[in-house]
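Protein chains: 2
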Amino acid sequence: MDFITILGLFAATLTTIAFLPQLFKIWHSKSAKDVSLEMLIIFCSGVFLWLVYGIYLQALPIIIANLVTLIFNLIILWFKIKYR
Amino acid sequence: MDFITILGLFAATLTTIAFLPQLFKIWHSKSAKDVSLEMLIIFCSGVFLWLVYGIYLQALPIIIANLVTLIFNLIILWFKIKYR
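If you're matching them up, the sequences are chains C and V in order. The opening residue of the first sequence carries number 97 in this note's numbering; numbering runs sequentially from there. The opening residue of the second sequence carries number 97 in this note's numbering; numbering runs sequentially from there.
Bear in mind the hints are in silico, worked out from the structure with no lab data behind them. Please note that a few of the clues may not be correct.
Since copy identity is lost for identical chains, a pair holds within one copy or between any two.
[Said to hold, decoys possible] Derived pair list, reagent style SDA-like, types lysine to any residue, alpha-carbon separation capped at 20 Å:
#1 Lys178 / Phe168
#2 Lys176 / His124
#3 Lys129 / Leu145
#4 Lys129 / Trp174
Between the sequences and the hints, there should be enough to build the whole structure, so can you do that?
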């Protein structure tokens, strides 16, 4: 695997797992007051379109990274609606 | 411009502007208690690597989308450190 592919995979891993600390933070504190609902809705819509883009191009790294990011952010969105 | 390029640009626009409502929310409320510091640090690192990836590939859409996303998230990170 060449350097640029490893760099891209590392970047994709970071921008995907980044949402786990946010998810656990809201889960533990039961508070999401400062998290923007509009951000979550727009971001989930965008990540969903990235997923469609990846499926269309049959690009597995784009599909996996965006599918996992979408799942994490849908859970955060659910927490936001539940805990406000 | 073909459909898949328009889809990708639309996805990139959404996942970039999504952070503006979060930025303005913290700016107005002066509170960022529920926003995860770890998320912001990991996410900014990942977006920075995406930016390097884009520069390496000389891919302007990747460069622009990640540069703007990085700027928005560095401001949110600054607000998080400032307002806690």
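Output the indices of the hints that this structure fails to meet, ascending. 3
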